[in-house]
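Student: Spelled out from the first residue to the last, the chains are:
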Amino acid sequence: MQLSRDELLGAYRRMATIRSFEERLHDEIAKGEIAGFTHLYCGQEAAAVGVCDHLGDDDFIVSTHRGHGHCLAKGVEVKGMMAEIYGRATGTCKGKGGSMHIADIDKGMLGANGIVGAGAPQAVGAALAAKMDGNGRIGLSFSGDGACNQGTTFEAMNMAVVTKAPVIFVFENNHYSEHTGPAYATATSTDIAGRAEAFGMKAWRANGCDYFDTYETMREVLDYVRAGNGPAAVELDTERFYGHFEGDPQRYRGPGEIDRLRAERDCLTAFRRRVTEAGLLADADLDTIEAEVARLIDEAVDEARAAPAPTPAMVLEDVYISY
Amino acid sequence: MQLSRDELLGAYRRMATIRSFEERLHDEIAKGEIAGFTHLYCGQEAAAVGVCDHLGDDDFIVSTHRGHGHCLAKGVEVKGMMAEIYGRATGTCKGKGGSMHIADIDKGMLGANGIVGAGAPQAVGAALAAKMDGNGRIGLSFSGDGACNQGTTFEAMNMAVVTKAPVIFVFENNHYSEHTGPAYATATSTDIAGRAEAFGMKAWRANGCDYFDTYETMREVLDYVRAGNGPAAVELDTERFYGHFEGDPQRYRGPGEIDRLRAERDCLTAFRRRVTEAGLLADADLDTIEAEVARLIDEAVDEARAAPAPTPAMVLEDVYISY
Amino acid sequence: MTRMMIREAILETIRSEMRRDPTVMMLGEDIVGGMGTAGGPEAIGGIWSTSTGLWEEFGSNRIIDTPISESAIIGSAAGAALAGKRPIAELMFADFVGVCMDQIWNQIAKFRYMFGGKSKCPVVIRLVYGAGFNAAPQHSQAVYSMMTSMPGVKVVMPTTPADAKGLLTQAIRDDDPVLFFEHKALYGVKGEVPDGDYVIPFGHARQVRAGEHVTIVAMGMMVGLAEKAADQLAQDGIGCDVIDIRTTSPLDEEAILDSVEMTGRLVVVDESPPRCSVAADICAMVANKAFAALKAPPAMVTPPHTPVPFARELESAYLPSPPKIVDAVRSVLAYR
Amino acid sequence: MTRMMIREAILETIRSEMRRDPTVMMLGEDIVGGMGTAGGPEAIGGIWSTSTGLWEEFGSNRIIDTPISESAIIGSAAGAALAGKRPIAELMFADFVGVCMDQIWNQIAKFRYMFGGKSKCPVVIRLVYGAGFNAAPQHSQAVYSMMTSMPGVKVVMPTTPADAKGLLTQAIRDDDPVLFFEHKALYGVKGEVPDGDYVIPFGHARQVRAGEHVTIVAMGMMVGLAEKAADQLAQDGIGCDVIDIRTTSPLDEEAILDSVEMTGRLVVVDESPPRCSVAADICAMVANKAFAALKAPPAMVTPPHTPVPFARELESAYLPSPPKIVDAVRSVLAYR
Ligand SMILES: Cc1ncc(C[n+]2csc(CCOP(=O)(O)OP(=O)(O)O)c2C)c(N)n1
Ligand SMILES: Cc1ncc(C[n+]2csc(CCOP(=O)(O)OP(=O)(O)O)c2C)c(N)n1
Ligand SMILES: [Mg+2]
Ligand SMILES: [Mg+2]
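Residue numbers (my numbering), protein chains in the order written: chain V, 28 to 350; chain Y, 28 to 350; chain F, -3 to 332; chain H, -3 to 332.
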């Protein structure tokens, strides 16, 4: 493990921010204040952060309907995101996109996406742009286990190999696509990475609930792709602590399943145990971070609540640059 | 080889019919009498016939833009097809579909298709229909090497495995998709069957220029699928003797390539050599068939030429059954 | 008559048609739910509760839960229909037509024509559409205008539980492909539904209100808004002839033209953006066929030429509403 | 001025814009041709000869020959555009929008709106469309009406070599997504093309003929037919004001309305089937905004509500033609 103290603190802060953001949304949504469909990232934090900790603002990612974690890990601003999810004029997208469509091009975050599988070819395109510039930058697509049954995902993988695009396909296998298990819906469920290999690209597998495993694996992957070897795929084994969307009754879960996942597969707990046992950080360090994060989220919610709603005239803006 | 004399004669007649049909079209198209885009099947006859010789009228196939061979092998009537390609009211589709859209539901031929990849899920659906009936019938999709880069093809393969549909994906690898080679466009070019395997289905490979290899392989495949083992894939290595469409300048071919293919990879020549050397049939038997076929094609062309054009009023018919 | 919600009328209709005709089958994502999970099948029965219990009764051969592969869903439905079945395919959100448009537009809609009348393709595609849930630009669209432009499919839009039953029964028994649009905000609407066999033929509009001053043509979710507007206008003595067209393809031109011949004024209310919309289509048809009767320009009330925005305030500004319809009617009436 | 064909004007424009701006790139199937074959690259240069020689000049990073994967083509163009490039994506046949509709309709068209104005997506999609080649139902369609209904994209339809240059230059430099429709039967049309930088802004119709009795609005392939009809009508002293709208979105409403204000009569000629077509859209717009000026019902000449048939006799019966336009004009003029 070659991570500095600052890097470790930073990684924990980013994971804790996502966790706190999502837990708070879970509570607020239950109160009925937030409109629309929201898909929480709780449980998958180590995946987003372990991946994005290798990326700069000029590396490009595309994300999914479950995009908050990817956005936050890529550096999109917490308060803008919260305001967006609250549908405020001050939100990242002025309240026009909401939870499912947060983007921040300046941060290399090309968009969450409501259409499963749609992001994969876009990541290829971003990678082709980077390849044109020859600057070592990459495109990266996050998708779920379910998304790997959508035609666009396959086309994107094939096209990436054909064009030797510097792109990484990260599959977060959280064992559910909505209410269906991959053992049913993904014919080769135990091996999504194997599909990528069948397209002729190198694939890695890692424990997406373990920041360190994800981070170390991604280092290898990034080295490989930035060196000009073409695309790569990574399957991360991870867990979703809440329902598919907020309000999902989750009748497909086994008895006690969520309690067990929270006890055994919590990436924040695992991180804390690992760094404190190794004497790299103290519990107090992490507690401080959690307290700071909690304050930030409080502020974000307060500010979002107080922020102005978009005005009706804004409906007509931003369709075209000129028309 | 367990084929009877009649079966051998029949197989040769079917292959010779396709060959003669296509060679004649090549000549007629050059004269400018036939409208539209035509994609000839010359060179691939053993594939269509070696596959369809195992199928009954209640097994379903779907085909591609290069569909004449599949149609003829599945028993669609020669004269109706010729009239269709000539755009006549007496054609299989009354002149509304033309070369790219010949279908004959009664023969289990669910349609040639102008959209690459579109047929694959349709074959899955036909197979699901057969599965509902539990009658051992199957669905079968013909597609090219190029088609295996289209998202629908992948979705269909996955769905077939998930639903255990009795469907067979036959990939005719003729080494070109339009003007592009699979080594470029299909990232795992040497192994299209391997893609199918990555979806969790069993795959076979055969020499599509050899009737016997194709036929024997398909026997195994059909036994496997009809027995209820779910889907299967077959990659047939074959050759296209003409351009992608009639009029294609074929600048992508190597020097002397077509002459070499005609000399070394002609499935009709190979069949003749095999059965005459083994003493199963005499050259004269095959010559008789060729002469009969030639007469049939002459008649088909004459009748098509003499047949009435569709009337303008027919434009409005067959959009709906009732509206 | 039984009182029920639209979603119940849909589920009951599917169930009874499946009992009646063994060739009816259904495909879609999570229409069973829980496949391959510890919770086991029937964990959800369709996220809109329009297929609950069907898998238990009809089994995996007829109720097919699918991967997230819309092209394969619609393509399979197409193939099964050519092979003699009557598949009902569900698109969880109508917005997903984008990933399976070819199978609808170039395949299902064209088979019979391309094949010279020698095939039939009795597919029903159920599409859950519409705004009002703050579901943002990719989960809120009124896709029916785009689909109405396509020769070869019929486009159906129920607005009441009784119509849902009658029109869906017709859709399943129809030998042509049918796109059946279910508005997510209408699922909970309750009403009396005729018991037993109940079929509403396509191409017959329903008169919702009679009135002599202006014709309001609406469809789907817009019908309720038009009714509210009509109620309000009635207080000022303005009589609105409100027509629910029920199917946009075929279109009951006669019902619309008869009404306009009487009123001389037309307002069309449509949830799709204005360009090349059903609203524009109807205005053009009326302008062409009832020109002499028109006393004022045919008018339309639609959202603006923009995607559907997310935030509550934006979405309500975007959507047609009773006040907007009232305004349109008043300005049509004020025209000299 | 240089005399050239539309296909040459398109190729020259792409070449000069690629020289001018290093962010311009191009993707499509067989736009190089011969990749991975014994014949080697540049074996075809696009089946429409609209990219010949580009790969040799600009190389594989900017001229990207792709597998048969339209969703990946359009999706890659989308991603590259968000990442700062100006991709030109080619759809060999416009009919293939069916397999990549989502990337156009839900992605490219909506990014800027969904993202609150914080992105731009300067993609040009070139779509080869139209009937007249007996290419049968899946390779002949006039897809632009469907695309005109979509907020967030611009829809452009050149009819002359000069317009092809001016409009394509604008399309490539435009910061919004543009769908550029090239009619296969127009590729060989010759005309004078201005040398050097030549840009035609969108939303400005072109007056093709001046005349005072009737307004004929047309687009793409239909413009030439309208001209022929106008020539014939001129012999009887009937003056047609023929307008080529050039872009269906944005639409030059002013040019159309000004003309109708003068003539009082409108015939729209459109190659798409009638329902929810651009023709219907324009008739509705005119009926609404120039009602008082109209002396006759706004009329449209379109194909029937059917797919495009294959056989020569059927396809010509299907398509609009000068005689059909002449008839429409005469009946509009005869209206009392
Ligand atoms: C094309 C398309 N089909 C269906 C849906 C509905 N849908 C949204 S999320 C989802 C499941 C996605 O599963 P997965 O890819 O595993 O991601 P996860 O939700 O587990 O993060 C589905 C079916 C959609 N948004 N887009
Ligand atoms: C969706 C789609 N994209 C592109 C095309 C144009 N096209 C027609 S055939 C073809 C090549 C198909 O190659 P392959 O699948 O190998 O079949 P083959 O022509 O070799 O029989 C292409 C690109 C099409 N018809 N449909
Ligand atoms: Mg998942
Ligand atoms: Mg091929």
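Bear in mind the hints are in silico, worked out from the structure with no lab data behind them. One should not assume that every hint holds.
[Claimed, not checked] Taking lysine-lysine and the PhoX-like style, the derived pairs with C-alpha atoms no more than 20 Å apart in a straight line are:
id: 1; chain 1: H; residue 1: K285; chain 2: F; residue 2: K320
id: 2; chain 1: H; residue 1: K285; chain 2: F; residue 2: K285
id: 3; chain 1: H; residue 1: K114; chain 2: V; residue 2: K106
id: 4; chain 1: V; residue 1: K134; chain 2: H; residue 2: K116
Computed from a prediction, not measured in an experiment: that's the story for all the values here.
Student: Of the numbered hints stated earlier in the document, which are not met by this structure?
Tutor: Hint check: nothing fails, all pass.
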